[in-house]
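Okay, so the sequence shown: first residue is 1 according to UniProt numbering, each after it adds one.
Keep in mind the hints are simulated off the structure, nothing from the lab. Just so you know, these numbers come straight off a predicted model, no measurement behind them. Hints should not be assumed to be uniformly reliable.
Taking lysine-lysine pairs in the BS3-like style, the calculated list, with each CA pair at most 27 angstroms apart, reads [unchecked claim]:
| # | residue 1 | residue 2 |
| --- | --- | --- |
| 1 | K271 | K254 |
| 2 | K281 | K271 |
| 3 | K138 | K24 |
| 4 | K138 | K271 |
| 5 | K121 | K24 |
| 6 | K7 | K121 |
| 7 | K121 | K138 |
| 8 | K131 | K281 |
| 9 | K138 | K281 |
| 10 | K23 | K37 |
| 11 | K7 | K254 |
| 12 | K24 | K7 |
| 13 | K240 | K176 |
| 14 | K23 | K46 |
| 15 | K254 | K273 |
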Amino acid sequence: MDIRQLKYFLTIAEEGQITSAAKKLQMAQPPLSQQLKQLEEELGVKLVERGPRSIHLTDAGVILRNRAQQILDLADATTREIGDYVKGLTGTLSIGTVSSSGSALLQNRLCEFHRTYEGVKFEIHEGNTFKIIDLLSKGIVELGIVRTPFNPANLECRYTDSEPMIAVMTRELDFKPGHAMIDLGELEDKPLIIYRRFEQLITDACLEHGFEPLLFCMNDDARTTLLWANAGLGIGIIPKSAFGLVSSGNLLYKEINSDSLRTRIAAIMMKGKYASTLATKFFESFGQGEC
1 MDIRQLKYFL
11 TIAEEGQITS
21 AAKKLQMAQP
31 PLSQQLKQLE
41 EELGVKLVER
51 GPRSIHLTDA
61 GVILRNRAQQ
71 ILDLADATTR
81 EIGDYVKGLT
91 GTLSIGTVSS
101 SGSALLQNRL
111 CEFHRTYEGV
121 KFEIHEGNTF
131 KIIDLLSKGI
141 VELGIVRTPF
151 NPANLECRYT
161 DSEPMIAVMT
171 RELDFKPGHA
181 MIDLGELEDK
191 PLIIYRRFEQ
201 LITDACLEHG
211 FEPLLFCMND
221 DARTTLLWAN
231 AGLGIGIIPK
241 SAFGLVSSGN
251 LLYKEINSDS
261 LRTRIAAIMM
271 KGKYASTLAT
281 KFFESFGQGE
291 C
């Protein structure tokens, strides 16, 4: 059993027909059938059931299909990794990021990664956490930088330290001058500016404190929240590390004393999917892994 045979078998399994598989592999049908027969003889088991118009994998065929894909992925990864070693780490790393990750991504990790691997270029896709997970599942990005909460199923995750959310406001809207921290209940009846994916989290936390939040504006970006707050239109709620995303000399912030309103940046990759050496090394530069 060799790599070529495994590629042939996977193509047959994907196409469901010897004829279609032969066309895809740009080879004649008889040699492909012979390769399949030799593979079955070598393993001593039937891999496919042949029908009049299509073939179906046996239980043994399903096992081989899954293992073959893993073997080919590993072979491909090994080839690329050796190539990286020979020529040095170069190429383009495609990353999906949420807007509120900017400070943690640029200051603490991306710049350090760039200093270590100067030949690497970057392609950045931006969106909210759910969009980034979708881009990752479709293979458009290799790695995502998202923010909790999210469903970690089928994802490899590495997290940064937990951080609080803050209330940002102009001095004119400062309802508690001289205090660096506030309780969540003090935001009752205050016009709040939030981004949409935190709506449920913030609403639930406020309801736990006995009030329904006054949601003056919902948007899809931490920068929009900061801009609206900077205009004096209300009080924005954002993760603390997102405060520096927009030049906001007119703004001050107060940390919200609430265990419910804490969040973390996470680097994510798809489980069981090939990842380039670049993506893997960048992923490993993030905090600790968790299930």
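Do the hints match the structure? See the list:
Pair hint K271 plus K254 does not hold up; C-alpha atoms about 38 angstroms apart against a cutoff of 27 angstroms. For the proposed pair K281 and K271, the alpha carbon gap of about 16 angstroms is at most 27 angstroms, so the pair holds. Proximity of K138 to K24 is assessed by CA-CA distance (about 23 angstroms); at most 27 angstroms being required, the pair is judged to hold. About 13 angstroms separates the Cα atoms of K138 and K271, which keeps this hinted pair within 27 angstroms; it holds.
Of the pairs offered as hints, the one joining K121 and K24 is violated, with about 34 angstroms between alpha carbons and a cut-off of 27 angstroms exceeded. The straight-line distance between the Cα atoms of K7 and K121 is roughly 32 angstroms, outside the 27 angstroms bound, and the hint therefore fails. At most 27 angstroms may separate the alpha-carbon atoms for a hinted pair to count; K121 and K138 meet this at roughly 21 angstroms. Between the alpha carbons of K131 and K281 the distance comes to roughly 23 angstroms, so the proposed pair stays at or under 27 angstroms and holds.
Among the hinted pairs, K138 with K281 is consistent with the structure: their alpha-carbon atoms are about 21 angstroms apart, no more than 27 angstroms. The suggested pairing of K23 with K37 holds, with an alpha-carbon distance near 18 angstroms, which does not exceed 27 angstroms. Proposed proximity of K7 and K254 is contradicted: the alpha carbons are some 59 angstroms apart, above 27 angstroms. This hinted pair checks out: K24 and K7 have alpha carbons roughly 11 angstroms apart, not beyond 27 angstroms.
Restraint check: the Cα-Cα separation between K240 and K176 comes to about 18 angstroms, which is no more than 27 angstroms; the hinted pair holds. Restraint check for K23 and K46: satisfied, since their Cα atoms lie roughly 23 angstroms apart, inside the 27 angstroms limit. Pair hint K254 plus K273 does not hold up; C-alpha atoms about 42 angstroms apart against a cutoff of 27 angstroms.
This entry does not satisfy hints 1, 5, 6, 11, 15, going by the numbered hints stated previously.
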